[in-house]
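**Student:** Sequence:
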Amino acid sequence: MAERLFDTSMDTITPHTHLRPLRRCLAFLAYSNTNLGQNSASTSNDRSLSSLFEPCHHCKPTVNAPALAKPISPPDGAAGESYNSFYVDFQNRIYEVRCTNTAQYPDLSSFSEVDGTVHAVHLSNEMAKAYAESVLVNHGTDGCVRCSHLEPLPIIKLAHPNRLSRLRIQHEFEMLKKLKRCCLPVPIFDDNPMIDNEGIFGYRMEQLFPIDFSDTKAISDDLKAIVSLVHDSGFSHGDLNPSNVMRNGNGSLVLIDPSRGGLLGEQVPHYIPWYQYEGTVFSTTTDKKYLKMYFAAVL
Numbered sequence: 001m002a003e004r005l006f007d008t009s010m011d012t013i014t015p016h017t018h019l020r021p022l023r024r025c026l027a028f029l030a031y032s033n034t035n036l037g038q039n040s041a042s043t044s045n046d047r048s049l050s051s052l053f054e055p056c057h058h059c060k061p062t063v064n065a066p067a068l069a070k071p072i073s074p075p076d077g078a079a080g081e082s083y084n085s086f087y088v089d090f091q092n093r094i095y096e097v098r099c100t101n102t103a104q105y106p107d108l109s110s111f112s113e114v115d116g117t118v119h120a121v122h123l124s125n126e127m128a129k130a131y132a133e134s135v136l137v138n139h140g141t142d143g144c145v146r147c148s149h150l151e152p153l154p155i156i157k158l159a160h161p162n163r164l165s166r167l168r169i170q171h172e173f174e175m176l177k178k179l180k181r182c183c184l185p186v187p188i189f190d191d192n193p194m195i196d197n198e199g200i201f202g203y204r205m206e207q208l209f210p211i212d213f214s215d216t217k218a219i220s221d222d223l224k225a226i227v228s229l230v231h232d233s234g235f236s237h238g239d240l241n242p243s244n245v246m247r248n249g250n251g252s253l254v255l256i257d258p259s260r261g262g263l264l265g266e267q268v269p270h271y272i273p274w275y276q277y278e279g280t281v282f283s284t285t286t287d288k289k290y291l292k293m294y295f296a297a298v299l
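Under the UniProt record's numbering, the letters of the sequence shown match residues 1 to 299, in that order.
Keep in mind that the hints were calculated from the coordinates and are not lab data.
Glycine residues also receive a C-beta, built at the ideal position from the N, C-alpha and C atoms.
Just so you know, not all the hints are guaranteed correct.
Only pairs whose alpha carbons sit at most 25 Å apart, straight line, appear in this in silico SDA-like list of lysine to any residue [what the hints assert, rightly or not]:
hint, residue 1, residue 2
1, LYS180, SER214
2, LYS180, HIS231
3, LYS224, ILE195
4, LYS289, ASN250
Restraint ranges, calculated between C-beta atoms of paired labels, are given here [what the hints assert, rightly or not]:
hint, residue 1, residue 2, range
5, GLN267, LYS288, 18 to 24 Å
6, GLU126, ALA103, 29 to 35 Å
7, THR285, SER124, 36 to 42 Å
8, GLY265, SER214, 34 to 40 Å
9, GLY199, SER112, 32 to 38 Å
10, THR280, LYS180, 24 to 30 Å
11, ASP222, GLU126, 34 to 40 Å
12, GLU174, ASN250, 37 to 43 Å
Take the sequences, apply the hints, and build the full model.
**Tutor:** Quick look at the structure:
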């Protein structure tokens, strides 16, 4: 049995590289369809204390939920290690949990007695504030999606607290700006990212809604046209799995999470997983393969 320890003295952690494919699920929960303004991509920094505790129509089901420990990253085993490591959100603070190498999470119902080693993760003041003033919605390999309760861009995407995740979120944000400049269908997001002394750690965006599986066939032509536009504009997306195709408040399709994408022909940077592309440069091959798998079940 792994050591049981609840140690909050550890200020830093050692990031583990993600050396195997993991399906990244960053689909936002469809709570209610709101019509967000199209002419603003900024949010106010002013917030009353009472507003932090008011129910939000974007995340209302989670506001009054019990304060349970929730995983915010997949279990990741470093090569040659006998344990898995993942991050946990407990009472809006972030912890790293190390446990016996398994694909399953341990029982987190009694977090102080979890079967593993627990360390509090040191966060910058800016990052800690972002976690404290938001509610977890979903998570993936590189970051978590949270609701900040602030209109018109209530959703925030935060990198996991390690260098590799930050690099990927920074790349994702730069890709969103490039796609936006080419008038490609991406979510409305704040042009001013969330930053601290180490650089970008997240960004704000509009609420989005997942595509029902039953609608996959109906959107096939539109999605193929969007991907063609991306390629014709000189980009690859790199990760066209179902959770990265969503609808905005107007019902239009948008592509999210281009953290594996880039300019066609350019060298793939070291922080993008080696398995994402067949070669060493960005190409359309991965998108075409993903698109084929996307529709295989329904077409």
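**Student:** Of the hints given before, which are not true for this structure?
**Tutor:** 1, 3, 4, 12
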